[in-house]
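Enquirer: Listed below are the residues making up each chain.
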Amino acid sequence: MKPILLRGGRLIDPSRGIDEKGDLLIARGIVESVGGKLGNPDDADVIDCAGLIVSPGFIDVHCHLREPGREDVETVATGARAAAAGGFTAVCAMPNTEPVTDNQAAVGFIVRQAQRAAAARVYPIGAISVGQAGKVLAEFGEMVGAGAVAVSDDGRPVASAQLMRTALEYARTFRIPVIDHCEEPTLAAGGAMNEGIVSAELGLKGIPAEAEEIMVIRDILLARLTGGHVHLAHMSTRGSVELIRWGKERGINVTAEVCPHHLSLTEESVRGYDTDAKMNPPLRTAADVEALQEAVKDGTIDLIATDHAPHHYDEKEREFADAPNGIVGLETALSVVVTNLVKDGSLGYSDLIERMACAPARIFNLPGGRLEKGSVADITVFDPKAEWVVEPSKFLSKGRNTPYAGMALTGRAACTIVAGLVVYRSGVSA
Amino acid sequence: MTGALGKDLLGLESLTGDQIRLILDTAEPFKEISERAIKKVPALRGSTIVNLFFENSTRTRISFEFAEKRLSADTVNVSSSGSSVSKGETLVDTARNLEAMRIDMVVIRHSASGAAQFLAERIESNVINAGDGTHEHPTQGLLDILTLRDNFGSLEGRRVCICGDILHSRVARSNIWGLTKLGAEVAVCGPRSLMPSAIDEFGVKVFDRIEDAIEWAEALNVLRLQLERMTSGYIPSSREYNRVFGITRERLDRAPRDVLILHPGPMNRGVEIDSDVADGPHSVILDQVTNGVAVRMAVLYLLAGGKPELAEAAKGGSGRGREEDRS
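Just so you know, the protein sequences line up as chains E and V, in that order.
Everything in the first sequence is counted per the numbering used here, starting at 1 for the first residue and increasing by one.
Everything in the second sequence is counted per the numbering used here, starting at 1001 for the first residue and increasing by one.
Read the hints as simulated data drawn from the structure, not as lab findings.
Be careful, since some hints might not be right.
DSBU-like mimics (lysine-lysine), calculated; alpha carbons at most 30 Å apart, straight line [to be verified]: (1) V/Lys1181 <-> E/Lys205; (2) E/Lys37 <-> E/Lys373; (3) E/Lys205 <-> V/Lys1087; (4) V/Lys1205 <-> V/Lys1039; (5) E/Lys316 <-> V/Lys1205; (6) V/Lys1205 <-> V/Lys1007; (7) E/Lys316 <-> V/Lys1007; (8) E/Lys205 <-> V/Lys1007; (9) V/Lys1087 <-> E/Lys398; (10) E/Lys343 <-> E/Lys21; (11) E/Lys248 <-> E/Lys205; (12) E/Lys205 <-> V/Lys1031; (13) E/Lys398 <-> E/Lys21; (14) V/Lys1031 <-> V/Lys1307.
Could you build the full structure based on these sequences and the hints that come with them?
Expert: Written out as structure tokens, the structure is:
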């Protein structure tokens, strides 16, 4: 393994307060030297980073890689390559596979598939309950032993407050977060989009913001009760932001994520019954988008995650109410955030890196998240000025379901390095 | 082959007031055709129309079929049961297969909101929405409005209240858009559990009490109460619904004026409307049905590229209006 010299980039590591122009040397899979001019030591491969930003590797704590079960729409390998192309050095895979990732063997399978893919790292998330059925607690201990980094029944939200309480208590032993998809099932039943004027006009059953918020406050209160760490997935409403703020002010162990689409699109995208604008939680109102953007800036929301959810073309090419929820996000996340939050100056690159690299590593207790001598060499190099038009057919993901198709975006990964190996470089998958 | 309405009729929300007036004006000469002994003109001779009904319908399907036949179109009826749809074929595949047989128009009724638009964006034939989920039912809205116009002359400033299950009603939505665009004042009345939570943003008046609605309105469009609304818990019982929201003779007698009564059918007598009201002197419920055929003839004719001013001539039997336009 030859050393790699990232030459002349803007090195940003908010965890250490670094933002300076300089070189970064990687050797034997770890960061050897950060900053200054390093010449060309040890015949390193030199990557010219002039005009580019060198960041700790981005980590997506929320994606759906569909393997095992739906290898026709995504596999661990294609998902890991798509992640690398989007600048992610690691992703966490949700357990709503077929069969459900609810035991150590299933977790181990994903770990092995990820090793074979040799692209972005893939950390499995185990199920909270056996079969995600919401009844019996899954074996957290064995799953963590096999490589799981968190537990969640994502996609099949935990309806029982008692089960959620037990999960938060039990997870403390293993120091892992319990991730909840906050959705009160009876209020959300049959809903296809945000409840409001647009759903009323389109004649689609709505999901009220309160369906999310009721569960957000339930989970925060259960975290207070148990001292467990609850991580709230894909927050979508202004009310949720206020509730999280309330919880954090009281020192409750709650963290939260938001998806790029909830920071950039509103329910208006559903007009025309575009199934690529259908996801759960649904796109909300402009006031929600504004509150979520504010929460990302002030840290009420800790991190940005994609909820990457590939679906087959045929499944999306149908009547809106019958189409599945979800969009792909790994290859557009960085650009959507840069275009919608950074470009107008409201979010700095340092904050972006905190939300996409440092916070995920810290909160999920994962390697990376730093540019420091001796730290693992998971590095994302991105071009903050790159202009491109989203062409789904060029995605490395098998999924093409994106509401950003045809849109011009700014900012794009130039080079993704995992453990000192280049796994993606400007349009060419390694 | 795009006329004054565009390729498709998907809803009244996307039409202008002028386009709605054009349909109503075009319907006028077509009314007379149905009164003849020989109820047929050659305006759509040679056109092939598929009535694609994924949801049960008697009145709308028959009304469309009469409209098509009275314009001399060749028609085929496809229903979901007993067709390839029941074998799992997707909506778009069904439509593309029909289109491959070289058809000109599709009239679609479907339980999913947006199904008509979905189809319209994927096939070249004209698409007419005959009711999509809880979204729109534009020809029903048009025939309701035509019936109101027959009685009022103009809709401008007229007060119309739509009563009942607004939340699940495509008829309500089409009426709200259409009436508003023609300058009518529109209100809704019904239990709040059967109203969109965003109803206040629709720009319509909302009455919680039917007595207040009757006092205000010059016409009531009384919607059918679907029985499944009780089983799914939106309201407790049809008996209480009748007691609280039913249009009864007693309630109408207290109105300060005669109130025109419309109902899109089929009626639940004794639930949303009492028989003596439905059959009473101010009921125009059967006029609606008659107007339905004329309105649908007008829509078919205009979408096929017929010139509105030639509708009169088409009625006369030359059929040339359409031919000229297609060349």
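Enquirer: A separate judgement is required for each hint: does it hold in the structure or not?
Expert: Here is what the structure says about each hint:
1. V/Lys1181 <-> E/Lys205: Since the Cα atoms of V/Lys1181 and E/Lys205 sit roughly 25 Å apart, the hinted pair holds (cutoff 30 Å).
2. E/Lys37 <-> E/Lys373: Holds. E/Lys37 to E/Lys373 sits at ~15 Å (cutoff 30 Å).
3. E/Lys205 <-> V/Lys1087: Between E/Lys205 and V/Lys1087 the Cα gap is close to 27 Å, so the pair holds against 30 Å.
4. V/Lys1205 <-> V/Lys1039: Roughly 42 Å separates the two Cα atoms, so the pair is violated.
5. E/Lys316 <-> V/Lys1205: Answer violated: E/Lys316 to V/Lys1205 is near 37 Å, above 30 Å.
6. V/Lys1205 <-> V/Lys1007: Measuring from Cα to Cα gives roughly 33 Å; hence the hint is violated.
7. E/Lys316 <-> V/Lys1007: 25 Å, holds
8. E/Lys205 <-> V/Lys1007: 28 Å, holds
9. V/Lys1087 <-> E/Lys398: 28 Å, holds
10. E/Lys343 <-> E/Lys21: With a Cα-Cα distance of about 20 Å, the restraint between E/Lys343 and E/Lys21 holds, given a limit of 30 Å.
11. E/Lys248 <-> E/Lys205: 33 Å, violated
12. E/Lys205 <-> V/Lys1031: 38 Å, violated
13. E/Lys398 <-> E/Lys21: 37 Å, violated
14. V/Lys1031 <-> V/Lys1307: 17 Å, holds
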